[in-house]
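K.L.:
Next come the chains, spelled out residue by residue.
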Amino acid sequence: MKVRYFAWVRERIGLEEETIEVPGNVATVSDLIGWLSERDEGYAAAFAEPEVIRVAIDQTHVEHDEPIGRASEIAFFPPMTGG
Amino acid sequence: MKVRYFAWVRERIGLEEETIEVPGNVATVSDLIGWLSERDEGYAAAFAEPEVIRVAIDQTHVEHDEPIGRASEIAFFPPMTGG
Amino acid sequence: MDTKAQSGERIIPLVRVQAEDFDVTAEVARLCEGRRDIGAVVTFTGLCRDEDGRLSALELEHYPGMAEDEIGRIAREGAERWPLTGLTVIHRHGKIAPGANIVLVVAASRHRRAAFEAADFMMDFLKTRAPFWKKEHMADSGSGGWVEAKTADDDDAARWSDG
Amino acid sequence: MDTKAQSGERIIPLVRVQAEDFDVTAEVARLCEGRRDIGAVVTFTGLCRDEDGRLSALELEHYPGMAEDEIGRIAREGAERWPLTGLTVIHRHGKIAPGANIVLVVAASRHRRAAFEAADFMMDFLKTRAPFWKKEHMADSGSGGWVEAKTADDDDAARWSDG
Numbered sequence: 001m002k003v004r005y006f007a008w009v010r011e012r013i014g015l016e017e018e019t020i021e022v023p024g025n026v027a028t029v030s031d032l033i034g035w036l037s038e039r040d041e042g043y044a045a046a047f048a049e050p051e052v053i054r055v056a057i058d059q060t061h062v063e064h065d066e067p068i069g070r071a072s073e074i075a076f077f078p079p080m081t082g083g
Numbered sequence: 001m002k003v004r005y006f007a008w009v010r011e012r013i014g015l016e017e018e019t020i021e022v023p024g025n026v027a028t029v030s031d032l033i034g035w036l037s038e039r040d041e042g043y044a045a046a047f048a049e050p051e052v053i054r055v056a057i058d059q060t061h062v063e064h065d066e067p068i069g070r071a072s073e074i075a076f077f078p079p080m081t082g083g
Numbered sequence: 001m002d003t004k005a006q007s008g009e010r011i012i013p014l015v016r017v018q019a020e021d022f023d024v025t026a027e028v029a030r031l032c033e034g035r036r037d038i039g040a041v042v043t044f045t046g047l048c049r050d051e052d053g054r055l056s057a058l059e060l061e062h063y064p065g066m067a068e069d070e071i072g073r074i075a076r077e078g079a080e081r082w083p084l085t086g087l088t089v090i091h092r093h094g095k096i097a098p099g100a101n102i103v104l105v106v107a108a109s110r111h112r113r114a115a116f117e118a119a120d121f122m123m124d125f126l127k128t129r130a131p132f133w134k135k136e137h138m139a140d141s142g143s144g145g146w147v148e149a150k151t152a153d154d155d156d157a158a159r160w161s162d163g
Numbered sequence: 001m002d003t004k005a006q007s008g009e010r011i012i013p014l015v016r017v018q019a020e021d022f023d024v025t026a027e028v029a030r031l032c033e034g035r036r037d038i039g040a041v042v043t044f045t046g047l048c049r050d051e052d053g054r055l056s057a058l059e060l061e062h063y064p065g066m067a068e069d070e071i072g073r074i075a076r077e078g079a080e081r082w083p084l085t086g087l088t089v090i091h092r093h094g095k096i097a098p099g100a101n102i103v104l105v106v107a108a109s110r111h112r113r114a115a116f117e118a119a120d121f122m123m124d125f126l127k128t129r130a131p132f133w134k135k136e137h138m139a140d141s142g143s144g145g146w147v148e149a150k151t152a153d154d155d156d157a158a159r160w161s162d163g
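From first to last, the protein sequence lines are chains A, B, C and D. For the first sequence, the UniProt record's numbering assigns the number 83 to the last residue and increments by one with no breaks. For the second sequence, the UniProt record's numbering assigns the number 83 to the last residue and increments by one with no breaks. For the third sequence, the UniProt record's numbering assigns the number 163 to the last residue and increments by one with no breaks. For the fourth sequence, the UniProt record's numbering assigns the number 163 to the last residue and increments by one with no breaks.
Keep in mind that a hint or two might mislead.
Derived SDA-like pairs: lysine to any residue, alpha-carbon spacing no greater than 20 Å straight-line [what the hints assert, rightly or not]: (1) C:Lys135 with B:Arg10; (2) D:Lys150 with A:Leu15; (3) A:Lys2 with D:Ala26; (4) C:Lys135 with D:Arg110; (5) C:Lys150 with B:Glu16; (6) D:Lys135 with A:Arg4; (7) D:Lys135 with A:Leu15; (8) D:Lys135 with C:Gly65; (9) B:Lys2 with C:Arg110; (10) C:Lys95 with D:Gly34; (11) B:Lys2 with B:Arg39; (12) A:Lys2 with A:Gln59; (13) D:Lys150 with C:Gly39; (14) D:Lys135 with A:Ile20; (15) B:Lys2 with C:Pro64; (16) D:Lys150 with D:Ser161; (17) C:Lys135 with B:Lys2; (18) C:Lys150 with B:Arg39; (19) C:Lys95 with C:Ala57; (20) C:Lys150 with D:Arg110; (21) D:Lys135 with A:Lys2; (22) C:Lys135 with B:Pro79; (23) C:Lys95 with B:Arg39; (24) D:Lys95 with D:Pro64; (25) D:Lys135 with D:Arg76; (26) D:Lys135 with A:Gly14; (27) D:Lys135 with A:Val52; (28) A:Lys2 with D:Gly65; (29) C:Lys150 with B:Lys2; (30) D:Lys135 with D:Glu117; (31) C:Lys135 with B:Arg39; (32) D:Lys150 with C:Pro64; (33) C:Lys135 with D:Gly39; (34) A:Lys2 with A:Gly34; (35) D:Lys135 with A:Pro78.
The set of hints was computed from the structure by calculation and includes no laboratory data.
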């Protein structure tokens, strides 16, 4: 599964994207955030306030309870500030 | 006093403008409309429905009960359709 | 000390009544040139519709002098109600072909809400207070009637009385 | 038979995400060219403010692919809600200087209310749903922070849920 990070999520993790293999007990977006947060301090900082993190699966906005089952790309980013 | 007419008021009266002398008993816009209406069929047609007629004294919108006392220019026209 | 934009100093609207066409980009540039405090510019362009082919032209009669003055009064009212950095109104008169421009409003502000509302307000009051009258020239007969004022326009203008 | 405009056939919005600047007149012309059924065109231009001289540039990061798709989804929603004859959205990315353009929305319709509301709606949802993030470069230090999302923008977007 390809994971992409944007804005300060990207900066804190120090990666634009990576390919990960997710353990079977990681079923939802929320599970994935928890699992990533334990990787190192950068991830922990990026996901310190999970409630503000926005998520897209295959380039469509989803909520944190969304199953990640068949996603090929998942992206994490702060609230949008375009326009 | 200069009187100006616009749009279908102008067409019905057949004049763009004229200079009139108003008798002393014509005090308000409403009086003037009544007085003009009696001049001929064109004026009568123009002012047949006085309630739709809009009026400006010295190029500022006024109501029909406005005194015409010191007006130097008074204009009659239909509801505006600009914009 | 306060800068012009911070102090809310009232801007002087630009009002033009003319037969000639206008250029939207040029009018936007006129308000924005040399400024870095503008965050939002809303433009409204009103165009002549052909009414499904029935109309060959609109003829716009106006009250010279009062047209400029009345638009100026409406524009100053808009500039008092919203914190604008610029406001331009151009209204054409004379014969206007289908597809051609009739009226332009440009409202600039730091933030988008003021720019949107001011432009919307200007159009509602231009429709109901600016001394212009549209006559339709029809494609079949050549002549036509005067456009009737719409009560919907009065309703639109009345929206702003609670604001 | 119904013409395109009469039938209310849904238009296909034009969406562009690009580093280059845009020209308002050209984008208005693109929607109006050869048509005589458009009565109203509203444009919204969002510009980079210098925040009273503190800001030297904005850097706009975006999610390529999703940015176009998401703006397209918002635009199609706008085109479903209002009877538009055309809708264009251009959003820039990369480094943007104070005074320069960031975003353009052009909404065209037979009548002004639809054009105003659709442009207003588009901006509210671009702010809250399009995957763009603004980073400020400050005049003194050169670097700066990420712009925080405003709850006011969420409130603005929520206005449309009763519509």
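K.L.:
What are the numbers of the hints that this structure violates, sorted from low to high?
P.N.:
Of the numbered hints, 2, 3, 5, 8, 9, 14, 17, 18, 21, 23, 25, 29, 30, 31 and 32 do not hold.
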